[in-house]
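Using the sequences provided together with the hints, build the complete structure.
First to last, the protein sequences are chains A and B.
Each residue of the first sequence is one higher than the one before, starting from 1 at the first, in the numbering used here.
Each residue of the second sequence is one higher than the one before, starting from 1 at the first, in the numbering used here.
Note that these hints are calculated values from the structure, not bench results.
Keep in mind that this is a model prediction, so the values were computed, not measured.
One or more of the hints may lead you astray.
[Claimed, not checked] Ranges of calculated distance between the beta carbons of each label pair, as one might list FRET restraints:
(1) A:44 x B:135: 52 to 60 Å
(2) B:132 x A:57: 20 to 28 Å
(3) A:32 x B:75: 17 to 25 Å
(4) A:173 x B:10: 19 to 27 Å
(5) B:143 x A:161: 48 to 56 Å
(6) B:21 x A:60: 45 to 53 Å
(7) A:89 x B:96: 46 to 54 Å
Backbone N, C-alpha and C define an ideal beta-carbon position, used for all residues, glycine too.
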Amino acid sequence: MTLTATEIELYQLCENGDRRAQMQVYDQYAKGMYHVALRIVRDTSQAEDIMQESMITAFAKMKQWNREATFGSWLKRIVVNNSLTHLRNEKRMPTTDYEEVAYQMEQVPDQQIDMEAAGMTAKKVLKVMDTLKESYRQILTLSLIEGMDNEEICEILNISNAMCRTTISRAKSSLRTKMECYG
Amino acid sequence: MGKGMEDWFSKQDFDLEKLPEGHRTRFMDRLDSICAEQDSLEEDTAIALRVEHRQNQKIRTLNTTTIIKWSLVAGLAILMGLTVFNMGATPETDLELSSVSPEMAQAQDFFKRTIDAELERLNKEQSPETERIIADTKAALDKLETDYQSIKKDFQVNQDSKAVIAAMITNFQMRIDLLETALEQIEQLKTYKENENEIFI
Chain A
1 MTLTATEIEL YQLCENGDRR AQMQVYDQYA KGMYHVALRI VRDTSQAEDI
51 MQESMITAFA KMKQWNREAT FGSWLKRIVV NNSLTHLRNE KRMPTTDYEE
101 VAYQMEQVPD QQIDMEAAGM TAKKVLKVMD TLKESYRQIL TLSLIEGMDN
151 EEICEILNIS NAMCRTTISR AKSSLRTKME CYG
Chain B
1 MGKGMEDWFS KQDFDLEKLP EGHRTRFMDR LDSICAEQDS LEEDTAIALR
51 VEHRQNQKIR TLNTTTIIKW SLVAGLAILM GLTVFNMGAT PETDLELSSV
101 SPEMAQAQDF FKRTIDAELE RLNKEQSPET ERIIADTKAA LDKLETDYQS
151 IKKDFQVNQD SKAVIAAMIT NFQMRIDLLE TALEQIEQLK TYKENENEIF
201 I
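This is how it looks when you write it as structure tokens:
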């Protein structure tokens, strides 16, 4: 990652509480981070709330950002964490059922869907994903839309690697079925 | 098919909604309330920090009203610039603020003219008493020019960084602040001299 000298200074100013720098960073990331939260909590005012809280946390804990990841991906991680915590507090967090654990025993090939051939657009896909069950929707959001790797997802959802892989795989095949219905 | 699905997703823009009305104001209020909270919680350490902070700020902005004035100008310039900038900037050989958008070119032109005019005013004040102030100001201006050159280098690397554009504008602002401060000091020096003379009479 290349961070220009100006950017380094900008984040330093944010850490020092420079309002102008903070607003600049806010303006740069507000929209993206709002959507990250919105996709998880699915409530506009709560998404805004989480996005802004996360931004403030990021400014306060700037020292914890190791600068190996971009500021954006570090911030995204905070937003995802806060969104999931929010769901947990609201008890809307998907629970693991036996079916899924049992599925871990099976061998699952990586599911792939030809999105273009299916005539999908971002808007359509979001709609279809809304019809999936909560745990599938959530894991696909993190994996496909937010582009997180499995390791990160395991950590964030506190599940095992095998669990993660099988859930993604199952979620994808569920998505495929729903897409066929939709199309 | 390999990574086809992942590729497709990474190319889509899923950020389709608009941010709720007034989100920016709410965020600023939040920042304010956090500041207030911290002030009451860590009064003692805060005072020490704030004194330091203020000293830092003093160097940068001796005149708060001018900084507010210039922040407004710069904010406006950034807004105007970015709207056009987002539609796609055309690459030019000389990479400066002016290459971002016509509005930015205007802003840069405006800054440069203001700086030149103030510098001229400063040069007219040249006298044995003001020599020191003028020399100091010019040294500081040179330093800012060096900074500007390094920012320009950043700009070549990262042309769509809002941070870099903002840094360029801040650089201009600081020069103007510096010049205004110097002129103010000279003015003070003059009134002081006058008062002194009156006492002698």
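Verification of the hints:
no., hint, in the structure
1, A:44 x B:135: 52 to 60 Å, "holds (58 Å)"
2, B:132 x A:57: 20 to 28 Å, "violated (47 Å)"
3, A:32 x B:75: 17 to 25 Å, "holds (22 Å)"
4, A:173 x B:10: 19 to 27 Å, "holds (21 Å)"
5, B:143 x A:161: 48 to 56 Å, "holds (54 Å)"
6, B:21 x A:60: 45 to 53 Å, "violated (27 Å)"
7, A:89 x B:96: 46 to 54 Å, "holds (50 Å)"
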